[in-house]
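Novice: Line order of the protein sequences matches chains A and B. In short: position in the first sequence from 1, add 418, done, that's my numbering. In short: position in the second sequence from 1, add 418, done, that's my numbering.
Any given hint could turn out to be false.
Note: identical chains are not told apart, hence a pair may lie in one copy or across any two.
Below, a list of computed lysine to any residue pairs in the SDA-like style, where the Cα atoms sit at most 25 angstroms apart [said to hold, decoys possible]:
hint, residue 1, residue 2
1, K803, I508
2, K754, A680
3, K657, P845
4, K636, E860
5, K425, A439
6, K735, Y440
7, K546, E597
8, K450, D423
9, K735, Q431
10, K735, E432
11, K425, R861
12, K834, D722
13, K606, V442
14, K584, T474
15, K723, T449
16, K606, D517
17, K503, D777
18, K450, T824
Simulated from the structure, these hints should not be mistaken for lab results. Remember, predicted model here, so these are calculated numbers, not experimental data.
Each chain, written out:
2 protein chains.
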Amino acid sequence: ALNGDAKTMNFLQEVVDIMLAYIVESFDRSTKVIDFHYPNELLQRNNWELSDEPETLDDILISCRATFTYEVAPVFVLLEYVTLKKMREIIGWQDGRGDGIFSPGGAISNMYAMLLARYKMFPEVKEKGMSSVPRLVAFTSEHSHFSIKKGAAALGIGTESVICIKADERGKMIPSDLERRIIEAKQKGYVPFFVSATAGTTVYGAFDPLMAIADICKKHDIWMHVDGAWGGSLLMSRKHRWKLNGVERANSMTWNPHKMMAVPLQCSALLVREEGLMQSCNQMQACYLFQQDKQYDLSYDTGDKALQCGRHVDIFKLWLMWRAKGTIGFEAQIDKCLELSEYLYNKIKDREGYEMVFDGKPQHTNVCFWYLPPGVRYLEDKVEKMKRLHKVAPVIKARMMEYGTTMVSYQPQGDKVNFFRMVISNPAATFEDIDFLIEEIERLGQDL
Amino acid sequence: ALNGDAKTMNFLQEVVDIMLAYIVESFDRSTKVIDFHYPNELLQRNNWELSDEPETLDDILISCRATFTYEVAPVFVLLEYVTLKKMREIIGWQDGRGDGIFSPGGAISNMYAMLLARYKMFPEVKEKGMSSVPRLVAFTSEHSHFSIKKGAAALGIGTESVICIKADERGKMIPSDLERRIIEAKQKGYVPFFVSATAGTTVYGAFDPLMAIADICKKHDIWMHVDGAWGGSLLMSRKHRWKLNGVERANSMTWNPHKMMAVPLQCSALLVREEGLMQSCNQMQACYLFQQDKQYDLSYDTGDKALQCGRHVDIFKLWLMWRAKGTIGFEAQIDKCLELSEYLYNKIKDREGYEMVFDGKPQHTNVCFWYLPPGVRYLEDKVEKMKRLHKVAPVIKARMMEYGTTMVSYQPQGDKVNFFRMVISNPAATFEDIDFLIEEIERLGQDL
């Protein structure tokens, strides 16, 4: 979409007209309550494919009209089917085979993965609970997302059974430490069942070395999950996808199009390499919902493999954006965000008053840095300096929020005092916006 | 909203204009990225209250404009705060005190409740997992929703530790059977920790006797949850809320405005009587997200009490509908749906070719019945008759879907062959629509 120009606005108005017409039509009792088509027929009759090249805006309008016509019909299930398959192809699983689901966010996708790993190793846990299995342990890096621990707490595994593996100075999991801790756990009689590698950590944007981790998981027969909630979308970029080399060897992957692909919240996918596992892990076969005597192919009834019952339609916006941008459109916006973050990095790495939190080019769009105002910059007393520096970012952010000019988050990490973490996921940002950001930090932090 | 009339369409067009203006504005770099207001200030400055009486459409437009202005500001958290408090007042908890969250559906809300109950009794489970606690058992009626078992499987409790309590012929849990099974479990050395009573079962629409269940839970010191995903909204009706008498004694309640209140999917609330429990149960205090050195009152940071990280905004549509309809508007639409189902019941209970699945007026809007086509109606052989009858509803439903005229679900239950379950949750339905439904069933089933 261009900057609110006439063409874009006309297009949006046409979409609105389609929706308003749909509302009016829904009051008309002579229209059908459902325009049913058999899933296979629907799949074959229309072109639902996701291509490299974008469709025209007119094509997009046709898709909108078709979808609102087939409402209640299995059109959204088909779109999920087509899109998940495409995502699995991009991961590199053979012929896009496997399984998956759209879940309400990355935390829940990660929880699904842990649930599947446990069930794969001990299927009896479904009926008999955790008391029927030995003590299970999971592994993830100390920089991983807190949802891994949250999931372990919820699933009755316990946060103490999540072993945090050391990360290097760039925030990447150290494979040798992973293997050491796995062996140590086995010696204690625990059962390692799950390794969650992170592709794009929250703070540093680091990519764990997936190939080395896959080797270790294979050797010790442990489920390998890749939490690519933040960094998974780099798979869409020919320039950056090498950072996820080895992901094709994972058993499952979390990938949130609502982050780097700029799909409106919520849109998170869990992709699973093994077919059928989600179904057997989660199904309860409630006979009032999942009747076996329906007139269509029941493989399109995806309800029983979810933890949820009804599910919000998260697929349509993603599918429609994909049609409108093409794979190359997503690639271009991702590449641009990474280019902007590199521009920011180059601009501040040697600038007076700035210090980088870690060396080297950003791996994702996370640029982590301290701004040292003149009053802090020249302090001799190291302890006093850190104490003062710790308070700088919170004050600058509060001032940013009050002026409303920009917003950059901050946090401490380990023994490092509060630093800024600039993250770029909006491809409409420009080099000038980055220049403005620097000026603004200096303007608001000058007196501190 | 009236039947697509000019006034409604003008209103919708104005809402659209507000949104389009918002899109255009978002491209303008001279506007603020956030118009920040302190939560308390925001709470006091505007009127966010939910009243009995509806606001005017002009007021609703003002609310829409205000909300789009405060985007990113804590406006949605405030709306959640105001709405959850109102819902707790309606439940009958003193001064609306307690806690709650909007979750992605009733299944997840029920899972939250089970998680809280377990943590309340054994807080060490969070760190140490299920292996640190005795064998826990949960209780729910044989007619309850399958999400209770799904939750138990996910949380590592196991489906075998969910004890199904007998229901009477109307589908209500039998309290004496509940107490018997609790005592039996204790004798085996198990620890009963959770009773899920259902307010509005999925198939029969039955309301479990909450008062008697509350007595038993109190006596045995067990967490009482009410799964009111389907029937909870009857609390809004002065005429029907007696069916939930005793809910005020529950520890938690699931209530889905996306069902009987006709809020678009997803909109499900979990309400909890004890304050602070959700936070301590679920928090992981990820320092990069939940900084303690922010400039505003941190009690508005609700993120860490959720299982999710980012959450879809489910509150705005509910809050806006409540403002537009008032409590009395919701009451009127709920009363109307129940009136329509009673009309259907009265119409078929003595009609030739129909048989009710259970006796008596529907408690909720579920009307469960068999239609016996002439070819089945007079069969002498009981076994043959049931065999044929079992196939009637699936064929009629398939035909309905192909014609697109209407849709009614069916299912078997226990030893009962497939029957229709007509559920009315659309207040735009009329008596004529019910008449049409009967005619249509007979038209499509005549020859079977």
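Novice: Which of the numbered hints above does this structure break?
Specialist: 1, 4, 11, 13, 14, 15, 16 and 17
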